[in-house]
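Student: Residues per chain, in single letters:
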Amino acid sequence: MNKKVKNGINVFLFLLPALALFVGVLIAPIFMSTAYSFHDMGPLDKISKDNFIGFKNYIELFTSDSLNFPLALKNSLLLAFFSVFIQLPLSLGLALLLGKGIKGERGFLSVFFMPVLISTIIIGQLWLKIYNPDYGLLTRALEAIGVIKEGSPIIWLGDKKIALAAAFVPILWQYVGYHMLLMYAGVKGVSPDLREAAMLDGATDSQINRYIVIPCIKPIIKVSVIFAITGSLKSYDLIKVLTDGGPNHATEVPSTLMINFLFARNRFGLGSTVAVMLIILCFFFAIVVNRVFRRED
Amino acid sequence: MAKETTKATAPPKDLSAYSIKKTNPVVKVIIYILLAIWTIINLFPLYWMFTFSLKTNPEIYGINVIGLPKEWHWEFYGLAMQRVNMLKLFGNSLLIAVASIAITIVVSLMATYALTRLVWKGSKLMNSFFMLGLTIPLHAALVPLFKAIKLVGLYDTYWALIIPYSAFSLAMAILICTGFMGEIPKDLDEAAYIDGCGVWGIFIRIIVPLMTPALATIGIYTFLQCWNEFMFASNFTSKLKTIPVGVQTFFGQHTTDWGIVGAALVIATFPTLLIYVFLSRKIQESFMAGAIKG
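Going line by line, the protein sequences match chains V and H. Residues -11 to 285, numbered by this note's numbering, are exactly what the first sequence covers, in order. Residues 2 to 295, numbered by this note's numbering, are exactly what the second sequence covers, in order.
The reader is advised that the hints may include incorrect statements.
[Claimed, not checked] Taking lysine-lysine and the DSS-like style, the derived pairs with C-alpha atoms no more than 25 Å apart in a straight line are:
(1) 187(H) / 89(H)
(2) 176(V) / 283(H)
(3) 44(V) / 62(V)
(4) 176(V) / 148(V)
(5) 91(V) / 29(H)
(6) 176(V) / 62(V)
(7) 137(V) / 149(V)
(8) 222(V) / 62(V)
(9) 210(V) / 62(V)
(10) 148(V) / 137(V)
(11) 44(V) / 34(V)
(12) 148(H) / 44(V)
(13) 148(V) / 34(V)
(14) 210(V) / 125(H)
(15) 222(V) / 44(V)
(16) 176(V) / 29(H)
(17) 283(H) / 151(H)
(18) 37(V) / 151(H)
(19) 122(H) / 34(V)
(20) 222(V) / 125(H)
(21) 240(H) / 148(H)
(22) 37(V) / 29(H)
(23) 125(H) / 29(H)
(24) 210(V) / 222(V)
(25) 89(H) / 210(V)
(26) 151(H) / 34(V)
(27) 210(V) / 176(V)
(28) 89(H) / 240(H)
(29) 122(H) / 187(H)
(30) 91(V) / 89(H)
(31) 91(V) / 176(V)
(32) 137(V) / 62(V)
(33) 206(V) / 149(V)
Hints were generated in silico from the structure; no laboratory data involved.
Let the sequences and hints guide you as you build the complete structure.
Tutor: Put into structure tokens, the structure is as follows:
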């Protein structure tokens, strides 16, 4: 009995720092953000009965034409769609190519993963230079092969129609390697016996991939899909650097709006509402993706 | 044909070699061409960044867009160091990273010990509670943290970033620790207990020394989390800047001299890439750790 009590205290002491950090910085703020979202408040205000406005922030967010939240949400969902259906297949393809064992596998892997480690701010700045309408790498390359004429450049990030797609390219460029690495680890984990058995039965590479490797790494593909969707919903750094939501809100995403509400308009209640929406959407999509993959089995 | 059958009975480790040999040579060439194209797509922007950091504007603008610089203008690096105050940015980022790593390691080791080694009701539940941290976006905490930081006077201090970074790395650190701690046989704990070690003694003398391989993985993970972070860093501090924030503000003011801009980009990228060259395998492992188990 005595030992149990002592253990109880020790458990508490060992957990205390982690709990304090975790509850203080992650859990409590979720509740506070939720509370803020029901109030109309500035940076210095406290929540009180006077500034309680119920669901007004949420209603404003979804119905106001000037806040552009539905547009931002649509853009981030488009990014999620691009990520899942362009980026992930590319990652999977690379992972399958590398994972089956070829010469220089490690070297390719290391190069493909490298962009993940570079700060998104730097990647954003680099791509700003690549997209530069006058002297950028892309402009120059297209001029050289005659696709565009000198003096009539395409303003990649400044044209409403193509800005979002142009902003997606650096995101793709940076994160393909990340998903590739996760999937590669999965492909490497597929039992060689299974492969060998299939090979002896005369299965081709694509059959092995389709019927053995991909089903085996489904749990990892699931994680990748979740990361790709939640990552797109949360996307901020690259958009901030490349377009800051412009031109004319064409690349606005929830995070750029949130920062704008908070620090440009001092509307902390409304900003918190966007944060709460993001939490809800992240969990919602995580659950949906889990369901979809479970049903597939 | 005969060759194939002998190969097929070779031990599984040779299987990779076998499969590529069986592949049609044309297919093999196509595979390598695809990989080479993707390699170029990955490396060329970085190569271009490096070369324009050494060129003057006229050269970048027209005479020599993608070639190596005609004259290597290393002086842009000195100018970039000065104008961006790179050393100060480095110092800030490094201090914040090291402190966050230290806190994350100590706190996650202690928590994981309590969660996986000590016997108590609710340890599983507590573990899943911490794992919630893997899906909580930074955005969730931005507003309350901003207000709290202002309130207690931590705005524009190192702590304004160290505390959030440690907290947001915690879930993954515990996940990584759980994996590594599971490899340490529980018999060791019991032997130490019989020898008169208490719970703390076991933790400090047995567990901590055996967890050194985990420290590198956690350290790398936490480092990359905070080294590149932008949203908190740009809002919780103003004068005290980390590298991403400093670089971003600098570009708000300077966009004309491409050489200096490029030099600043290269300097800011260099440390991470240098570490990557030496620790690529370890870094890749620390990224895989979470996804595979999660």
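Student: Hint by hint, say whether it matches the structure.
Tutor: Structure-based check of each hint:
A hinted pair counts as satisfied when its Cα atoms are at most 25 Å apart, and residue 187(H) with residue 89(H) does not qualify at roughly 46 Å. As the CA atoms of residue 176(V) and residue 283(H) are separated by approximately 16 Å, the hinted pair is consistent with the 25 Å bound. The straight-line distance between the Cα atoms of residue 44(V) and residue 62(V) is roughly 21 Å, inside the 25 Å bound, and the hint therefore holds. Straight-line distance between C-alpha atoms of residue 176(V) and residue 148(V) comes to about 43 Å, which puts the hinted pair past the 25 Å bound.
Of the supplied pair hints, the one linking residue 91(V) and residue 29(H) holds, its CA atoms being roughly 11 Å apart against a limit of 25 Å. This hinted pair does not check out: residue 176(V) and residue 62(V) have alpha carbons roughly 37 Å apart, beyond 25 Å. Annotation: proposed proximity of residue 137(V) to residue 149(V) holds, straight-line Cα distance about 20 Å (limit 25 Å). With a C-alpha separation of about 13 Å, the suggested pair residue 222(V) and residue 62(V) falls inside the 25 Å cut-off, and the hint holds.
For the hint linking residue 210(V) to residue 62(V), the alpha-carbon distance of about 22 Å falls within 25 Å, and the restraint holds. Of the supplied pair hints, the one linking residue 148(V) and residue 137(V) holds, its CA atoms being roughly 21 Å apart against a limit of 25 Å. A hinted pair counts as satisfied when its Cα atoms are at most 25 Å apart, and residue 44(V) with residue 34(V) qualifies at roughly 18 Å. Only pairs whose Cα atoms come within 25 Å are accepted, and residue 148(H) paired with residue 44(V) is accepted, the gap being roughly 22 Å.
The straight-line distance between the Cα atoms of residue 148(V) and residue 34(V) is roughly 39 Å, outside the 25 Å bound, and the hint therefore fails. Between the alpha carbons of residue 210(V) and residue 125(H) the distance comes to roughly 24 Å, so the proposed pair stays at or under 25 Å and holds. The straight-line distance between the Cα atoms of residue 222(V) and residue 44(V) is roughly 23 Å, inside the 25 Å bound, and the hint therefore holds. With a CA separation close to 20 Å, the supplied pair residue 176(V) and residue 29(H) stays within the 25 Å bound.
At most 25 Å may separate the alpha-carbon atoms for a hinted pair to count; residue 283(H) and residue 151(H) exceed this at roughly 38 Å. Straight-line distance between C-alpha atoms of residue 37(V) and residue 151(H) comes to about 23 Å, which keeps the hinted pair within the 25 Å bound. A threshold of 25 Å between alpha carbons decides the hint, and for residue 122(H) with residue 34(V) the separation of about 39 Å lies outside it, so the pair is violated. Restraint check for residue 222(V) and residue 125(H): the C-alpha separation of about 29 Å exceeds 25 Å, so the hint is violated.
Distance hint between residue 240(H) and residue 148(H) is fulfilled; the C-alpha atoms sit about 18 Å from each other, no more than 25 Å. About 70 Å separates the Cα atoms of residue 37(V) and residue 29(H), which puts this hinted pair outside 25 Å; it is violated. A threshold of 25 Å between alpha carbons decides the hint, and for residue 125(H) with residue 29(H) the separation of about 49 Å lies outside it, so the pair is violated. For the given pair, residue 210(V) sits about 18 Å from residue 222(V) by alpha-carbon distance, which is consistent with the 25 Å threshold.
With a CA separation close to 42 Å, the supplied pair residue 89(H) and residue 210(V) exceeds the 25 Å bound. Restraint check: the Cα-Cα separation between residue 151(H) and residue 34(V) comes to about 13 Å, which is no more than 25 Å; the hinted pair holds. For the hint pairing residue 210(V) with residue 176(V), the CA-to-CA distance comes to about 17 Å; that is within 25 Å, so the pair holds. For a cut-off of 25 Å, the pair hint linking residue 89(H) to residue 240(H) stands: about 11 Å separates their Cα positions.
Taking the CA atoms of residue 122(H) and residue 187(H), the gap is about 19 Å. The hint holds against a cut of 25 Å. About 43 Å separates the Cα atoms of residue 91(V) and residue 89(H), which puts this hinted pair outside 25 Å; it is violated. Between residue 91(V) and residue 176(V) the alpha-carbon distance is near 15 Å, which keeps this suggested pair within the 25 Å criterion. Between the alpha carbons of residue 137(V) and residue 62(V) the distance comes to roughly 34 Å, so the proposed pair goes past 25 Å and is violated.
Restraint check for residue 206(V) and residue 149(V): the C-alpha separation of about 35 Å exceeds 25 Å, so the hint is violated.
Going through the hint list in order, the structure does not satisfy hints 1, 4, 6, 13, 17, 19, 20, 22, 23, 25, 30, 32 and 33.
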